[in-house]
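Enquirer: Use these hints to put chain B onto chain A, whose structure you have.
Protein sequences appear in the order of chains A and B. Just so we're aligned, residue 47 is where the first sequence starts under this note's numbering, counting upward by one. Just so we're aligned, residue 47 is where the second sequence starts under this note's numbering, counting upward by one.
Hints were generated in silico from the structure; no laboratory data involved. If a hint is listed, it holds; no wrong ones were tucked in.
One copy or two, it doesn't matter: identical chains are merged, so the pair holds either way.
Computed list of lysine to aspartate or glutamate pairs in DMTMM-like fashion (alpha-carbon distance at most 25 Å, straight line):
no.	residue 1	residue 2
1	K105	E243
2	K247	D226
3	K136	D73
4	K247	D257
Given next are the chains, with one letter for each unit.
2 protein chains.
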Amino acid sequence: MSDVTLIDIKEEILSENRELAQQLRSDLRRRGVFLVNLMSSPGSGKTSLILRSLEHLRKVYRTAVVEGDVDSAVDAERVAREGFLAVQIKTGGSCHLSAAMVERGLDALPLESLELVFLENIGNLICPAGSDTGAHLSVAVLSVPEGDDKPLKYPLIFRISDAFVVNKTDVRDHFDFDMDTFRARVRSLNPDAPVFEVSCKTGDGIGAWCDWLRERVDRGQ
Amino acid sequence: MSDVTLIDIKEEILSENRELAQQLRSDLRRRGVFLVNLMSSPGSGKTSLILRSLEHLRKVYRTAVVEGDVDSAVDAERVAREGFLAVQIKTGGSCHLSAAMVERGLDALPLESLELVFLENIGNLICPAGSDTGAHLSVAVLSVPEGDDKPLKYPLIFRISDAFVVNKTDVRDHFDFDMDTFRARVRSLNPDAPVFEVSCKTGDGIGAWCDWLRERVDRGQ
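Excised from the complex, chain A in its bound form (with noise of 0.2 Å):
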């Protein structure tokens, strides 16, 4: 059977896809724009965290967001409300944003005149963690409610993120939660990355988060 020629249709989508996303990687580079992919469960707070360290950084850089949903456009229409520029992605029922949809998405906004993109990623912690997106900074955003087991169901996200923001810290009384647990099962991962906890309801932890962040967008990676 060694003449059977094997077309792995999935290692050539993830492959073309990587090529697209180097490409496009750098390409935002060169034009100074800097590509932030926020991923998360559904509900966790990626719009919420967004629109909060926007409040921060608006100030010090020219941005945009491009929101990627399965349905809808719910959460453009909300980052829009408050004086932000968004564009929608509907992906139609993908569970992730490939290289070329976020390529769709940048090439609606005036890319000469921005700094500073974040992209929301669909809402899970699966398929976004497989498919580079073009972005220079992976954030995974997660919630206290949700738990601190999720390194332990879902290690790929945790391996290639960046960074960590826990959100909701807000009702850590209310939940079984146990940061030091959670941060032990990040570490073991990912030994390197910062974990942020946040409220972005209260705005704690806000400013920690938004001046790492702005470290990074000045360096470039």
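Expert: Relative to the frame of chain A, chain B by itself:
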């Protein structure tokens, strides 16, 4: 181009899965086993709902649980610690359980002595909605901290589910979750499916959910 042979890999896989799921469903019915498929975001409380439901139903039916996860066996271990029969399926990357995976899980159980099996699908609102597991009933579990906008963003899972359970009602005062808005959004996609409000922490609402489930199990559909 009319003589081009189109090979739609995705449609072939889906079609094979549908056929296997239908066979599995009939086979289980013939053997007197009722299979309930639970779907949700990560951390909405599928495992907790299964445990609470088993407390109510263990005196009525001979039960077991098939747990699905990308990695780890923490859920099956938790169920087993509570004294229930549990099998863990690890998908190793796949974001949903296929009928073939479910069949493998069921093969590890003494089906001849069982009447009710809970199936915990992979934690996300996208992939499980597109793949028939062979279950007799599919239930989507939501939770108050996730927000009331999920029907707008993930319409397919709301269309194909037979019932909805909203968990974590005990923390309702701490979140902007409007139950009337949520119910209206569900109704617009799925007018006949009931919505149960529960707290797996306090046990509130579990009785009503289990009464409804018993009626479905006894009817065999």
